[in-house]
Amino acid sequence: MSDAFDRAVEAVVFASPEPLTVEAIRAHAGEGDVRGALARLVTRYRGRGIELVERGGRWHFQTAADLAHLLRRGRDEIRKLSRAGIETLAIIAYHEPVTRAEIEAIRGVQTARGTLDVLMEAGWVRPAGRREVPGRPLTFATTPEFLSHFGLNSRRDLPGIDDLRAAGLLDPVDLAFDQLAVENLGEED
Amino acid sequence: MSDAFDRAVEAVVFASPEPLTVEAIRAHAGEGDVRGALARLVTRYRGRGIELVERGGRWHFQTAADLAHLLRRGRDEIRKLSRAGIETLAIIAYHEPVTRAEIEAIRGVQTARGTLDVLMEAGWVRPAGRREVPGRPLTFATTPEFLSHFGLNSRRDLPGIDDLRAAGLLDPVDLAFDQLAVENLGEED
Amino acid sequence: MSEPPEQLTLALDGWEGPLDLLLSLARAQKVDLREISILQLVEQYLDYVEQARRLRLELAADYLVMAAWLAYLKSALLLPRATQEVGDTDPDELALRLQLRLERLDAMRDAGARLMARDRVGRDVFRRGAPEGLQVVRRSFWDVEYYDLLAAYGRVSARSRPVLHVVREREVMTLEAALARVAGLVGSAIDWRDIQAFLPDVTSAALRRSALASSFLAALELARQGRVELHQERSFAPLYLRRPATG
Numbered sequence: 001m002s003d004a005f006d007r008a009v010e011a012v013v014f015a016s017p018e019p020l021t022v023e024a025i026r027a028h029a030g031e032g033d034v035r036g037a038l039a040r041l042v043t044r045y046r047g048r049g050i051e052l053v054e055r056g057g058r059w060h061f062q063t064a065a066d067l068a069h070l071l072r073r074g075r076d077e078i079r080k081l082s083r084a085g086i087e088t089l090a091i092i093a094y095h096e097p098v099t100r101a102e103i104e105a106i107r108g109v110q111t112a113r114g115t116l117d118v119l120m121e122a123g124w125v126r127p128a129g130r131r132e133v134p135g136r137p138l139t140f141a142t143t144p145e146f147l148s149h150f151g152l153n154s155r156r157d158l159p160g161i162d163d164l165r166a167a168g169l170l171d172p173v174d175l176a177f178d179q180l181a182v183e184n185l186g187e188e189d
Numbered sequence: 001m002s003d004a005f006d007r008a009v010e011a012v013v014f015a016s017p018e019p020l021t022v023e024a025i026r027a028h029a030g031e032g033d034v035r036g037a038l039a040r041l042v043t044r045y046r047g048r049g050i051e052l053v054e055r056g057g058r059w060h061f062q063t064a065a066d067l068a069h070l071l072r073r074g075r076d077e078i079r080k081l082s083r084a085g086i087e088t089l090a091i092i093a094y095h096e097p098v099t100r101a102e103i104e105a106i107r108g109v110q111t112a113r114g115t116l117d118v119l120m121e122a123g124w125v126r127p128a129g130r131r132e133v134p135g136r137p138l139t140f141a142t143t144p145e146f147l148s149h150f151g152l153n154s155r156r157d158l159p160g161i162d163d164l165r166a167a168g169l170l171d172p173v174d175l176a177f178d179q180l181a182v183e184n185l186g187e188e189d
Numbered sequence: 001m002s003e004p005p006e007q008l009t010l011a012l013d014g015w016e017g018p019l020d021l022l023l024s025l026a027r028a029q030k031v032d033l034r035e036i037s038i039l040q041l042v043e044q045y046l047d048y049v050e051q052a053r054r055l056r057l058e059l060a061a062d063y064l065v066m067a068a069w070l071a072y073l074k075s076a077l078l079l080p081r082a083t084q085e086v087g088d089t090d091p092d093e094l095a096l097r098l099q100l101r102l103e104r105l106d107a108m109r110d111a112g113a114r115l116m117a118r119d120r121v122g123r124d125v126f127r128r129g130a131p132e133g134l135q136v137v138r139r140s141f142w143d144v145e146y147y148d149l150l151a152a153y154g155r156v157s158a159r160s161r162p163v164l165h166v167v168r169e170r171e172v173m174t175l176e177a178a179l180a181r182v183a184g185l186v187g188s189a190i191d192w193r194d195i196q197a198f199l200p201d202v203t204s205a206a207l208r209r210s211a212l213a214s215s216f217l218a219a220l221e222l223a224r225q226g227r228v229e230l231h232q233e234r235s236f237a238p239l240y241l242r243r244p245a246t247g
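Residue numbers (UniProt numbering), protein chains in the order written: chain A, 1 to 189; chain B, 1 to 189; chain C, 1 to 247.
Honestly, the hints are just simulated from the structure, not real lab data.
Honestly, I wouldn't trust all of these hints.
[Stated by the list, open to error] Residues from chain A that face chain B, not an exhaustive set, calculated with beta carbons under 8 Å:
no., residue
1, 8
2, 10
3, 11
4, 29
5, 48
6, 50
7, 53
8, 64
9, 65
10, 71
11, 99
12, 101
[Claimed, not checked] Residues of chain B clear of chain A, computed beta-carbon distances all greater than 12 Å:
no., residue
13, 44
14, 63
15, 71
16, 110
17, 112
18, 134
19, 166
Where is the CB? At the ideal position from N, CA and C, for every residue including glycine.
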């Protein structure tokens, strides 16, 4: 029965961790018309989600080329920026170019290693050369993506401190609540 | 076209290194009748060298069992489980969730340090919460990998489990004894 | 002294405890464990252990514990029922429990064997040798509004800018002034008088509160010096002052 032999060839090629030569297939599947079996299997799988293909004299199964996009699925995730992240971003926007030490001096707390990474990964912050002072610290600045995300034409559109105060964003009552929240939650969450 | 969707499901299951749940298949293949496609594919592959099987709610392709002799050649034998390991695995599978003390009560010996470790390392057994009795002992249960490795669709397919349950052989000795005592009382009346 | 037969040594090494040995003996006796003779099983076990002892084989303690328990069970089973003391466990019950345990272990041993005999992945059936793999590429979108950004900067600014505290100047009655006034007025007070009567006549409510506070402290100080007596019915009731009776 050629069908029994086809089954054996099919299973051998399927289970092999690497593409197999006709001789290697024969070594497992036993004596028989390996090429004939391979040809029948190619026909059988034509148009299916799986194809039997030969590459440089070696045979293997692969998923159909037109379905390759299914194997790489993109997933969108909406994520919240941490409080430390937003504050760091705001400081960079208002003070750029600014070093890490300056950001920490303004925030009053150390900036966790990951915070700047996240902002750079988001595409909003980039390294902007070194400051010519001892230690030559790296400075950071915002990117055009930052402006476009927040609907700004330029950094000059950012409201000044007086505008923020007028809008109640410097309200010490808020500050008191914020600091309570910071104490309770721990910084840099 | 159901055929286009069948191809997609076929390719996704084929490409996955792990057995996939219906939900995982849908995540890659897209919206469609995944179960219907799987059923059609099972029929399509029946009797071939490769089969599509469901194990514990997860789907994968595997070689037909009757071809084992061709494929085993040149492969490392899978690690042999000790007698204690086999018994412990059987007790967990047929009684889960079950505590270490309950396993020991059935086996009549303490469980050696390595026995449960080996089963967990193989991915067949996992801790499954604590029993709400004094001491809150940890319980153990089997995993989807266990079902998949032993070719079981679900725990209901464990060999002879219905007979064992009907014969009371999965009940603890105390319970079985009490039931026998009640039956004998009934006969004496 | 002859060498102990190797087969027995190996056999004993192979048992996983006394229950395991008992099960093997029981299986040799009958196929159906529900019909085995417990008495016969006990004798077989005791023979086995005795034989091992004669051959000076090291027996683990749990085998000897089981032997002692079985010897007790045997004697209880053989004794006429009437001679047993009230309160002793029924030997038939013990025998039945032992049989139930053996049945359960046997069932699991059998189940394990059937499990191992199934078509197992990697031994009887094989998964695909070189799967392409499935990938999930995660794209992160950050949910930050312009307001969040400005609020964050406002927060940082408010936190880091120096804060100047200015205390407004306001009219107060000093403790010295209150001491002088209360001490002067109490000299003429023979009867109890409300502390309100000692306050200066002022229209400002703030100054009046300050005067009350200072006068109260002055009254306490004068009472300490013995120059005034204080009387109050209860908390928050009016406070009365008068010149000390003996003063």
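Hints and how they fare:
no.: 1; hint: 8; in the structure: holds (6 Å)
no.: 2; hint: 10; in the structure: holds (3 Å)
no.: 3; hint: 11; in the structure: holds (4 Å)
no.: 4; hint: 29; in the structure: holds (6 Å)
no.: 5; hint: 48; in the structure: holds (6 Å)
no.: 6; hint: 50; in the structure: holds (5 Å)
no.: 7; hint: 53; in the structure: violated (13 Å)
no.: 8; hint: 64; in the structure: holds (6 Å)
no.: 9; hint: 65; in the structure: violated (10 Å)
no.: 10; hint: 71; in the structure: holds (5 Å)
no.: 11; hint: 99; in the structure: violated (44 Å)
no.: 12; hint: 101; in the structure: violated (45 Å)
no.: 13; hint: 44; in the structure: violated (9 Å)
no.: 14; hint: 63; in the structure: violated (4 Å)
no.: 15; hint: 71; in the structure: violated (5 Å)
no.: 16; hint: 110; in the structure: holds (40 Å)
no.: 17; hint: 112; in the structure: holds (35 Å)
no.: 18; hint: 134; in the structure: holds (36 Å)
no.: 19; hint: 166; in the structure: holds (38 Å)
Checked against the numbered hints given earlier, the structure breaks hints 7, 9, 11, 12, 13, 14, 15 and satisfies all the rest.
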